[in-house]
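Could you put together the complete structure from these sequences and hints?
Protein chains: 2
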Amino acid sequence: MQDFIYYVPTRILFGRTSEEEIGPQSLRLGGKVLLHYGEGSIKQSGLYDRTAASLKTSGVDFIELGGVKPNPRLSLVQEGIQLCRDEGASGILAVGGGSAIDSAKAIAAGVPYEGDVWDFYIGKAQVKEALPVGVVLTIPAAGSEASPATVITNEATTEKYGLLSDHLRPVFAVLNPERTFTLPPYQTACGAADIMAHVMERYFTNEPHVAFSDRMCEALLKTMIEQTPRVIENPEDYDARAEIMWAGTIAHNDLLGRGRIEDWSSHDIEHELSAFYDVAHGAGLAVIFPAWMQFIYQEKLPKFLQFAQRVWDIPYTAGEEERCALEGIRKLKEFFSSIGLPVTIRELGITERNFAQMAGKAVRGSTLGSFRKLTKADVAAIYELAE
Amino acid sequence: MQDFIYYVPTRILFGRTSEEEIGPQSLRLGGKVLLHYGEGSIKQSGLYDRTAASLKTSGVDFIELGGVKPNPRLSLVQEGIQLCRDEGASGILAVGGGSAIDSAKAIAAGVPYEGDVWDFYIGKAQVKEALPVGVVLTIPAAGSEASPATVITNEATTEKYGLLSDHLRPVFAVLNPERTFTLPPYQTACGAADIMAHVMERYFTNEPHVAFSDRMCEALLKTMIEQTPRVIENPEDYDARAEIMWAGTIAHNDLLGRGRIEDWSSHDIEHELSAFYDVAHGAGLAVIFPAWMQFIYQEKLPKFLQFAQRVWDIPYTAGEEERCALEGIRKLKEFFSSIGLPVTIRELGITERNFAQMAGKAVRGSTLGSFRKLTKADVAAIYELAE
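Residue numbers (my numbering), protein chains in the order written: chain A, 1 to 387; chain B, 1 to 387.
Derived by calculation from the structure, the hints in this document are not laboratory data. Misleading hints may appear alongside valid ones.
Put simply, identical chains are the same to the list, so a pair is met inside one copy or across any two.
[Unchecked claim] The list that follows gives simulated cross-link-like pairs (lysine-lysine, BS3-like), each with its CA atoms no further than 30 angstroms apart:
id : residue 1 : residue 2
1  : LYS331    : LYS300
2  : LYS333    : LYS376
3  : LYS333    : LYS222
4  : LYS300    : LYS69
5  : LYS56     : LYS69
6  : LYS300    : LYS376
7  : LYS32     : LYS128
8  : LYS32     : LYS333
This is the structure in structure tokens:
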């Protein structure tokens with residue numbers, strides 16, 4: 001096991017009554033809050049009104065900026081930074097899914113920084129301080145509500161890059177599973193794929209001594225496999241929605257990655273799909289992850305065998321390791337299909353073949369991942385396998 | 001799933017290099033720290049010297065109070081409170097296992113309180129503030145390093161009571177698995193039983209919608225079942241020691257109890273054994289937990305069946321639910337025996353029969369637990385089953 005630090009101070013307020021805490025918790029964001037959200041669904045659902053009312057009841061002054069799109073854009077982040085500076089905002093309350101939260105984190109990092117916030121994403125500068133961020137979560141997927149991560153797309157350069165900083169971990173997150181009742185099946189499934197991918201990016205590691213966290217990863221994957229079909233079938237199944245929402249937070253709050261070397265190749269490979277074609281991140285992952293597995297499994301049989309046995313209950317047969325491992329990968333792909341996700345690039349509706357260019361952008365002149373290091377040629381081959 | 005708040009801000013520093021952080025982290029305990037520890041093993045092991053050196057290097061001024069015994073005593077707590085007041089201590093650094101940490105928490109709560117610190121334990125007062133506590137952990141067992149709990153024994157009244165307060169959650173905890181190499185097999189096994197009991201007290205719940213946390217509980221139990229025999233066999237197996245140490249923290253940092261109603265009967269029933277006979281807490285749990293299970297399993301077959309199947313890999317046979325459930329309980333008992341623990345009150349060396357009196361103290365004029373509420377007569381019957 002690798003040495004590690006585990007520090008996740010985000011206060012999670014979970015359940016049907018959790019929204020009562022929006023105002024009181026937002027007092028921790030300082031005297032003036034930027035309410036940051038997406039394209040209006042929170043107005044239709046009434047969440048905007050409840051949030052505004054709770055802020056007012058607690059005496060929290062706020063300004064607002066909506067319009068965050070999936071794969072959140074740098075241009076809106078820059079607008080938010082300017083707005084916060086002009087209005088003297090002291091903190092940001094993101095209401096929405098991962099896109100609203102990631103955009104809020106980018107604004108939070110950018111306000112006290114003199115240069116261009118994109119510097120943080122291209123590794124030109126490190127985040128040294130940030131405004132505090134609070135969250136009212138509506139989509140279980142990105143895990144951004146308790147993570148130090150933010151991913152932003154620069155439309156001008158079609159680059160989509162991530163950034164990690166403990167300064168960007170939200171101070172609180174309100175999670176009411178009822179808010180996810182209205183998520184359409186496709187978006188629900190995309191979220192499930194993202195959550196499972198966050199676990200698998202950690203699960204597939206070369207660190208051999210990760211017995212406990214392996215088992216926790218398997219616990220989370222099995223939970224998603226059981227619960228996701230229930231909410232596709234019945235979107236208002238509170239308990240299944242709650243399992244998924246809580247699993248989504250744990251999948252990406254660092255717990256499952258402690259003591260391990262994480263991988264993240266599939267996320268990086270998918271990011272180019274999203275950046276080039278603006279596909280939903282979870283759908284892209286459902287396409288890329290099985291292809292990545294198919295590309296590398298022969299070199300990593302023991303771990304894929306464990307995945308097949310423990311996550312998919314495929315019995316081990318001596319001498320048939322490869323068949324068992326492949327069966328696990330096939331089951332994953334079949335599961336993604338069964339919840340309505342595409343599992344090939346064609347099914348994403350993409351017919352162009354920019355694989356070499358995308359692979360080049362994904363590896364950024366280096367290699368990807370650690371479980372199996374991937375060159376530009378490897379990444380292009382994975383796009384081809386996913387085709 | 002029940003509504004919940006999850007807030008665990010303890011910073012965990014884990015691994016071979018973690019002790020370098022003792023001094024720097026202790027700066028967060030204020031200008032003058034009480035170093036609080038047990039009966040001298042940290043002096044023999046060199047940990048005392050390393051801790052003192054790290055504090056000095058970071059410029060942290062400290063005073064000290066050793067002598068904490070297993071089942072930590074109220075009298076030493078009161079001595080510590082007086083010492084902190086006399087010397088103006090601003091925080092406490094506990095070096096040791098659960099006893100040193102629980103004692104440190106009691107002192108931390110007592111210093112700013114005008115009344116008798118025992119008031120908190122008997123429910124006469126609530127903790128409103130406390131000195132900050134840091135931890136250097138040497139025994140994985142109590143989980144006190146990231147929990148809000150402290151258990152203290154009042155020698156004058158032979159009462160052993162627990163207290164929960166978020167004010168008592170340590171601000172940091174240094175966990176170096178190498179420090180556990182010298183734990184004797186019996187103490188190692190007692191710690192394992194305590195860790196497993198912390199999970200089982202949460203696992204056995206009447207809340208039906210706990211799919212994810214059930215699976216995480218099972219992941220932790222399976223980890224303990226696999227790893228404990230390894231460290232009994234080879235006390236210097238770093239990786240197995242690391243799995244157990246990390247599992248011990250997660251078992252009791254609240255993660256596994258969110259969304260559930262916890263039980264805690266077995267702990268309360270065991271506390272009377274420890275209070276009356278000063279037996280090791282983990283050994284007492286190895287005796288009481290299987291007896292509690294035997295007493296109630298017929299009323300709660302589905303959960304005991306799941307326990308048998310998922311934790312002990314006992315195949316389910318239709319129509320043989322009771323046999324399967326009993327087999328799971330038998331396996332647990334057999335496991336405790338296999339790692340050298342007593343599984344009966346006789347094996348604890350106790351030949352007296354104060355069961356009615358102990359049962360009376362355990363229920364404190366009310367009932368115990370929630371999974372199956374236990375009356376005084378039930379508790380006495382469990383002591384008899386454990387005999």
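Hint check results:
1. Taking the shortest Cα distances, LYS331 and LYS300 sit within 30 angstroms of each other inside one copy (18 angstroms), while across copies they are farther apart (34 angstroms).
2. Taking the closest pair of Cα atoms, LYS333 and LYS376 come within 30 angstroms of each other only inside a single copy of the chain (24 angstroms); across copies the shortest separation is 55 angstroms, beyond that limit.
3. In this assembly of identical chains, LYS333 and LYS222 lie within 30 angstroms of each other by CA distance both inside one copy and across copies; the values are 15 angstroms within and 28 angstroms between.
4. In this assembly of identical chains, LYS300 and LYS69 lie within 30 angstroms of each other by CA distance neither inside one copy nor across copies; the values are 38 angstroms within and 49 angstroms between.
5. Proximity of LYS56 and LYS69 under a CA criterion of 30 angstroms is satisfied intra-copy only: 27 angstroms inside one chain copy versus 52 angstroms between copies.
6. Taking CA atoms no more than 30 angstroms apart as the test, LYS300 paired with LYS376 passes inside one copy only; the shortest distance there is 20 angstroms, against 56 angstroms between copies.
7. With identical chains, the CA atoms of LYS32 and LYS128 are at most 30 angstroms apart both within one copy (21 angstroms) and between copies (29 angstroms).
8. Proximity of LYS32 and LYS333 under a CA criterion of 30 angstroms is satisfied in neither setting, with 46 angstroms inside one chain copy and 58 angstroms between copies.
Hints 4, 8 from the earlier list are contradicted by this structure; the remaining hints agree with it.
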